[in-house]
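S.K.: What follows is each chain in one-letter form.
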Amino acid sequence: MSAVMITRKATRKWEKLPGKNTFCCDGRVMMARQKGVFYLTLFLIVGTCSLFFAFECPYLAVHLSPAIPVFAVLLFVFVIAMLLRTSFSDPGVLPRALPEEANFIEMEIEAANGNVLAGQRPPPRIRNVQINNQIVKLKYCYTCKIFRPPRASHCSICDNCVDRFDHHCPWVGNCVGKRNYRYFYLFTLSLSLLTIYIFAFNIVHVVLRSVDSGFVNTLKETPGTVLEVLVCFFTIWSVVGLTGFHTYLISLNQTPMRTSPSTLGMDMSTSPFSFGPFRLKSTSGIEIFGPEIDGS
Amino acid sequence: MATEFHNLQELRHSASLANKVFIQRDYTDGTVCKFQTKFPSELDSRIERTLFEDTVKTLNNYYAEAEKIGGQSYLEGCLACLTVYLIFLCIETRYEKVLKKISWYIQEQNEKVYAPRGLLITDPIERGMRVIEISVYEDHGSSGSSSGSSTTSSSGR
Chain W
1 MSAVMITRKA
11 TRKWEKLPGK
21 NTFCCDGRVM
31 MARQKGVFYL
41 TLFLIVGTCS
51 LFFAFECPYL
61 AVHLSPAIPV
71 FAVLLFVFVI
81 AMLLRTSFSD
91 PGVLPRALPE
101 EANFIEMEIE
111 AANGNVLAGQ
121 RPPPRIRNVQ
131 INNQIVKLKY
141 CYTCKIFRPP
151 RASHCSICDN
161 CVDRFDHHCP
171 WVGNCVGKRN
181 YRYFYLFTLS
191 LSLLTIYIFA
201 FNIVHVVLRS
211 VDSGFVNTLK
221 ETPGTVLEVL
231 VCFFTIWSVV
241 GLTGFHTYLI
251 SLNQTPMRTS
261 PSTLGMDMST
271 SPFSFGPFRL
281 KSTSGIEIFG
291 PEIDGS
Chain A
1 MATEFHNLQE
11 LRHSASLANK
21 VFIQRDYTDG
31 TVCKFQTKFP
41 SELDSRIERT
51 LFEDTVKTLN
61 NYYAEAEKIG
71 GQSYLEGCLA
81 CLTVYLIFLC
91 IETRYEKVLK
101 KISWYIQEQN
111 EKVYAPRGLL
121 ITDPIERGMR
131 VIEISVYEDH
141 GSSGSSSGSS
151 TTSSSGR
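Order-wise, the sequence lines are chains W and A.
Going by UniProt numbering, the final residue of the first sequence carries number 296, and the count climbs one at a time with no gaps.
Going by UniProt numbering, the final residue of the second sequence carries number 157, and the count climbs one at a time with no gaps.
It is worth saying that the hints were derived from the structure and are not from the lab.
Mixed in with the good hints there might be a few duds.
[As the list claims (entries may be wrong)] Listed below are the simulated PhoX-like cross-link pairs for lysine-lysine, each with C-alpha atoms no more than 25 Å apart in a straight line: (1) A:Lys100 x A:Lys112; (2) A:Lys38 x W:Lys137; (3) A:Lys34 x A:Lys101; (4) A:Lys57 x A:Lys34; (5) A:Lys38 x W:Lys139; (6) A:Lys97 x W:Lys13; (7) W:Lys139 x A:Lys20; (8) W:Lys13 x A:Lys101.
Chain W extracted, bound-state conformation (with noise of 0.2 Å):
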């Protein structure tokens, strides 16, 4: 019998996964299904860096630095390779329990919850755990059959429990959760300082450009220049402000889902999980810089 296993092909586990996930390159690419949005970042990104490259760095390269073009590039190639591994990687998925561990754990809900009579609606299946002097309830996902653990949350889109969920995000066609994370906040980090480096340089070209052409010639001149202003301005609310926010949860080292009380019931400054003001210093950035932890 043994014979037999050896020779038969091994099915891998993301063949199995029951999510509504996209593999590509034999499950080294993870997605989520639907991938439009994604495409237009894509776009996007390229063909405002694209305009860039072919009106605007030219004059400034001669007329200010070579540094400037070389320093977008490398930005750029930053940006796409944090989108590219925030889309493609695996958002921290909860595997599903099997059989055996699904009925284990209804077993123990029917023994704590006891008999119910027939007719009545059982109670809600919650499971206390003391996290750090507090009490935290753990929620039962139908779907997956698990206790999630504490910070962690369905994704309806993807069908999958993810561990630290942050959000869905379709600008990058995947979850954003514990696994991806600080690829996340780099690409939002980084595409904030391309997108500013972008529209100042693209100022300052038309402003130097203007002192001696004119300003309508200009614009004749680079027809790019006004779509790369109006895309830059736009990104620049949205992305700039994401980062932000994003920077605030880090440094209280907190996920959106807890920023709203009546979810679990407390304070955003009681909660077991944010480290205070006074251990700022030493945990602060754990998510970006920190050891990549796998739990999945």
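Following the hints, complete the assembly by docking chain A onto the known chain W.
M.R.: Below, chain A without anything else, positioned relative to chain W:
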């Protein structure tokens, strides 16, 4: 009543799965990876309490070591960020190294301690670090009462 097996191979060939015991996470110290050392009653007749507690405590220590934030992990993080995370094509993170140590330790424990007693530990990483799954095997040659218990536990399927 404890069934005797001499190695993992013998276990797989001659035994059938009777039950699975799940050791849950211990969240009292926060979200760090730590498992409860409470001895489950189902293993009462199968293994000594001290051996079980030793295994779980060693695993907890390994996970604490893996998740430790120190100079090396910050350096790894900064270096990775600067190289656009391409450095991970060449080097292995400290966390991955400790995970390998853990799986080697679990295999060693299975061979030396658990398989002779008809038990098998599954690496928690296979279950998303939610539980330590311990499979309880019964010898084919033992009485029908063990197969009876396995059919009642599978009736929920």
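S.K.: All hints are to be evaluated individually against the structure, with a verdict given for each.
M.R.: Checked hints:
no.: 1; hint: A:Lys100 x A:Lys112; result: holds (18 Å)
no.: 2; hint: A:Lys38 x W:Lys137; result: holds (21 Å)
no.: 3; hint: A:Lys34 x A:Lys101; result: holds (16 Å)
no.: 4; hint: A:Lys57 x A:Lys34; result: holds (9 Å)
no.: 5; hint: A:Lys38 x W:Lys139; result: holds (22 Å)
no.: 6; hint: A:Lys97 x W:Lys13; result: holds (22 Å)
no.: 7; hint: W:Lys139 x A:Lys20; result: holds (23 Å)
no.: 8; hint: W:Lys13 x A:Lys101; result: holds (22 Å)
Hint compliance for this structure: no hint is broken.
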